[in-house]
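Based on the provided sequences and hints, a complete structural model is requested.
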Amino acid sequence: MNTSMSPCSKPAVSLAGPARAFMVELLIWNGSPFKDHWAYFVRSHMDPDIGVKIHATGNVRSGFEFEIKRSENLQTTDDIPSTRVPLQWVDANYFDENAMLNDGEYKIDNTPVCGFERSAYEIKAPGRSLNTISDGVSL
Numbered sequence: 003m004n005t006s007m008s009p010c011s012k013p014a015v016s017l018a019g020p021a022r023a024f025m026v027e028l029l030i031w032n033g034s035p036f037k038d039h040w041a042y043f044v045r046s047h048m049d050p051d052i053g054v055k056i057h058a059t060g061n062v063r064s065g066f067e068f069e070i071k072r073s074e075n076l077q078t079t080d081d082i083p084s085t086r087v088p089l090q091w092v093d094a095n096y097f098d099e100n101a102m103l104n105d106g107e108y109k110i111d112n113t114p115v116c117g118f119e120r121s122a123y124e125i126k127a128p129g130r131s132l133n134t135i136s137d138g139v140s141l
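For the sequence shown, our numbering gives the first residue as 3, with consecutive numbering after it.
Mixed in with the good hints there might be a few duds.
Dumping the calculated EDC-like pairs for lysine to aspartate or glutamate here, alpha-carbon to alpha-carbon at most 16 Å [claimed, not checked]:
hint, residue 1, residue 2
1, K109, D80
2, K126, D80
3, K109, E124
4, K109, E69
5, K126, E69
Everything labelled a hint here was simulated from the structure, so no lab data went into it.
Rendered as structure tokens:
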């Protein structure tokens, strides 16, 4: 059985989810000529364009770190994603909407405030992956 999806196909996710559940999306930014940047986005219940962006920020030279952008507005941010992919409705028991959205105030954070964020935080961000000339070469 082939379970792979083509890069252009998206999972079939209902527009309306179970009561109190949160929609989790994959945000994609076209990084051409480099690799694309991906992030998770948890929509607020009040506005589907406002939510929590969970991603790794940094670069290959110095490494990456876990970052959460609280009350991120995808319509007004400087880095609007090129693609939004709905992934799944997730039960409200894994979220704390007021804490996640920082009571409606935009904030960049790196401390998880709910079960879903703690789960994402457990996957460590990539370290350095670019060697410089000063790193030397071992033969």
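Now the hints, each set against the structure:
Straight-line distance between C-alpha atoms of K109 and D80 comes to about 15 Å, which keeps the hinted pair within the 16 Å bound. Restraint check for K126 and D80: not satisfied, since their Cα atoms lie roughly 26 Å apart, outside the 16 Å limit. Restraint check for K109 and E124: not satisfied, since their Cα atoms lie roughly 21 Å apart, outside the 16 Å limit. Our distance criterion of 16 Å between C-alpha atoms is met by K109 and E69, whose separation comes to about 10 Å.
Taken as a hint, the K126 and E69 pair is honoured in the structure, with Cα atoms around 11 Å apart against an allowance of 16 Å.
Hint compliance for this structure: hints 2 and 3 are not met, and every other hint is.
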